[in-house]
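Chains as they are written, first to last, in this note's numbering: chain C, 1 to 208; chain S, 1001 to 1228.
It should be emphasised that the hints constitute simulated quantities derived from the structure, not laboratory data. It is possible that some hints are incorrect.
To be verified - Cβ pair distances, simulated, as ranges: (1) S/Met1001 - C/Asn159: 50 to 58 angstroms; (2) C/Asn121 - S/Glu1075: 53 to 61 angstroms; (3) C/Glu154 - S/Gly1176: 26 to 34 angstroms; (4) C/Asn65 - S/Val1179: 42 to 50 angstroms; (5) C/Pro157 - S/Ala1180: 43 to 51 angstroms.
To be verified - Where chain C lies over chain S, by a calculated footprint (3+ residues, C-beta under 8 angstroms): (6) 1001 to 1007; (7) 1012 to 1021; (8) 1106 to 1114; (9) 1119 to 1133; (10) 1142 to 1152; (11) 1166 to 1176.
What the hints assert, rightly or not - No farther apart than 20 angstroms at their CA atoms in a straight line, the calculated lysine to any residue pairs in the SDA-like style are these: (12) C/Lys63 - S/Ser1052; (13) C/Lys200 - C/Val38; (14) C/Lys118 - S/Ile1140; (15) C/Lys23 - S/Glu1046; (16) C/Lys198 - C/Ile153; (17) C/Lys92 - C/Cys30; (18) C/Lys202 - C/Arg40; (19) C/Lys113 - S/Asn1116; (20) C/Lys118 - S/Glu1118; (21) C/Lys23 - S/Glu1050; (22) C/Lys42 - S/His1193; (23) C/Lys200 - S/Ile1083; (24) C/Lys50 - S/Glu1137; (25) C/Lys200 - S/Asp1087; (26) S/Lys1003 - S/Thr1172; (27) C/Lys57 - S/Ile1140; (28) C/Lys84 - S/Ile1002; (29) S/Lys1003 - S/His1193; (30) C/Lys113 - S/Ile1117; (31) C/Lys50 - S/Ile1083; (32) C/Lys118 - S/Ser1078; (33) C/Lys23 - S/Ser1078.
Ideal placement from N, C-alpha and C gives every residue a C-beta, glycine not left out.
Single-letter residue listing:
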Amino acid sequence: MPSVQSKLPSHQAAVTPSNMTNKIDHPQLCQWLKLIAVNRDKQAFTAVFKFFAPKIKRIAQSKFNNEAQAAEVVQDTMSNVWRKSHLFDDSKGAATTWVYTIMRNVTFDMLRKVKANKEDNLSDDIWPLAESMNTEEETFTDHIQNRNLKGVIETLPENQQQVVKGFYFLEMSQEQLAEHLNLPLGTVKSRLRLALGKLKIKLGDHHD
Amino acid sequence: MIKHHPKFELLQNFVNGDLPASLSAGIAIHADMCPQCQEKISQLTEQVAEASFEQNFLHKFVVDDEDMAEVAELEFDSIIDEITASDDIESVKIHNEGPSIEFKGSEYVLPKAIRNIELGKTAQIGKLSRARLQLDEGEIHTSLLHIDPGGSVPEHTHNGFELTLLLAGSFTDEQGEYVAGDFIMLDKRHQHHPVSEHGCLCYTVANDSLHFTQGINKLLNPIGSFIY
Ligand SMILES: [Zn+2]
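With the sequences and hints as input, model every part of the structure.
Now the structure itself:
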């Protein structure tokens, strides 16, 4: 996995018509997603948003024929991008494929709600968030069985170690951890997020 | 070896998200068992994603009208603020083995694609057991069908389509033998009479839209409506 560079995302590339070609700048999209995952970089998210949102809206409008529902697809899809960016793995596929999967799944669940009046959100079982998500699960399982992970976790600050160990080894939920460690939920979440970002980079380096 | 696969058009509709949940799940289960179709699906997804997000689509939407572009921009800014205000990240779930279902003393782990779909009570006629998946898709009925060793489905025709996806075990019909993973899509032109020597479990999806207009059929062949 290439390391995350600190190059600032440039809005220009994504939205300025004069720069527009039919080619999608895949490396740029990947880099933005990584910045979101690791740094929770709002500027990178804005760039990703401006690239995808108008197209998602247009596609959703053709499926729903309804402005409000199309806007909901945009919002849900992009909010998933923000929350799941750490699950994106550019060695498993393009950023466009990953975002498409999220958009298709959001749309499918919403159509099912409209047509069958069912809110069972089956899409993530039918189309697991790219192979990336499956592999992520396996990767972590593999690494847990692998003693290396323990070593890597022990390089984290103590307070992050606690959260990571509880989350992965004991399979506690974030809420359970907050209660168990007597911490605000927000603190647990941000520690986990920080730790996850670091682990991802460290484990990524060990990958072949 | 798996010999029966979903047709290309079906895979395409699957990737586009245009199929009902029942058929989408069927294809997902098959693809999990069939690397060939899995590969095709990955390629199709990549292609349709690329096409969906190609830059030239942007021209019409934003650039034609500058005022429109500005309004869109403003609207977008507030959505961006709202989304990034949340600190939530999606948990990485480590999935344990999914729920399972028991038929006549044999336990089967449910395929991933259907592990969260509610199942109805198991009904039985002779060597056949059936549990419905509560998908509420109107005229489309989806079930898990178990055939005990030596059991068979009486000869029947279909009013609409019928998908039989073999999950475990094997059966034979006039066309030959089927193995786990085989994706068998029949329409009303086909007649068949599956027999399972050693028993099997199938995922079935059938559309019986003509069911009610052909009430006499139902009387003569009640087993057809029981199974599918
Ligand atoms: Zn196949």
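Looking at the structure, which of the earlier hints fail to hold? 2, 3, 6, 9, 10, 11, 22, 23, 24, 27, 28, 32, 33
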